[in-house]
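Student: Take 1 as the starting number for the sequence shown in the working numbering and just add one per residue.
It is worth saying that the hints were derived from the structure and are not from the lab. Keep in mind that a hint or two might mislead.
What the hints assert, rightly or not - With a straight-line Cα cutoff of 30 Å, these simulated DSSO-like cross-link-like pairs (lysine-lysine) come out:
1. Lys76 to Lys139
2. Lys139 to Lys192
3. Lys192 to Lys76
4. Lys107 to Lys76
5. Lys192 to Lys107
6. Lys139 to Lys107
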Amino acid sequence: MRSRSSDRGARGPRTDTDATGAALDWPRTLAAKGATRFRTGHLRFRERIPSGATVHCFLVDCSASMMRSGGLALAKAMLQVWSEALYGTREPIVVIGFGGNSAQLLKAPGTAPLGATWIRAIEGGGGTPIVAAVSTTEKTLHRLRRQSPTARIACWLLTDGRFTVLPAPPTGADWCAVVDFDSGRLAVGRSKEVASHWSATYMSASELVEQT
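Work the whole structure out from these sequences, hints included.
Tutor: Structure (structure tokens):
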């Protein structure tokens with residue numbers, strides 16, 4: 001009997017899963033193919049989340065205020081530490097960045113990548129579209145729930161709270177934490193309000209750094 005991989009190499013894709021059971025990601029596959037002739041190297045798969053795993057979803061505030069204060073640089077450094085730790089435990093992560101007028105998925109659900117190149121590439125500037133961030137988070141978590149219904153989802157919001165709208169908590173998360181990057185005598189305290197509104201754990205970024 002020929003293996004699935006040899007079958008696919010000889011005749012093209014035959015199934016929507018790879019040898020590990022990961023599902024074929026058609027949008028990313030077609031994007032990789034572009035206008036070229038299809039090759040097996042274009043195949044992209046969605047990583048399967050282990051049953052009962054905890055998925056850590058990080059919402060990173062990439063606004064201009066975070067850049068000016070040094071908060072974004074600190075958030076990226078913390079994200080690197082957490083990513084390396086979660087890589088070691090094989091706990092999946094999701095990363096969503098928001099700044100300017102939009103939010104975008106920076107790291108799709110799956111094992112944390114080894115290395116910091118992708119984190120260093122995160123850019124910032126503009127406003128703080130917190131509503132778009134929550135909306136993008138909910139869409140991402142709902143897709144994750146359909147794929148991995150038994151997964152536990154922890155949502156981490158890294159922000160200085162420099163926005164006027166008090167966002168609703170993202171549906172789909174089992175546990176939330178707000179990491180506050182707003183400090184000093186001009187701090188507005190908005191992150192604490194968000195934590196209270198979300199029934200989330202509140203953490204000060206500066207205190208977290210002192211503890212590590």
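Student: Straight-line Cα separation of Lys192 and Lys76 no greater than 30 Å?
Tutor: This hinted pair holds, its Cα atoms lying about 21 Å apart.
Student: Is Lys139 close enough to Lys192, meaning Cα to Cα at most 30 Å?
Tutor: holds, 25 Å
Student: Taking 30 Å as the top limit, are the C-alpha atoms of Lys139 and Lys107 close enough?
Tutor: holds, 14 Å
Student: Regarding the pair Lys76 and Lys139, is the alpha-carbon distance no greater than 30 Å?
Tutor: OK: Lys76 and Lys139 at ~23 Å, within 30 Å.
Student: With a cut-off of 30 Å on the C-alpha distance, tell me whether Lys192 and Lys107 pass.
Tutor: Holds, at about 27 Å.
Student: Would you mind confirming whether the straight-line C-alpha gap from Lys107 to Lys76 stays at or under 30 Å?
Tutor: holds, 13 Å
No hint from the list above goes unmet by this structure.
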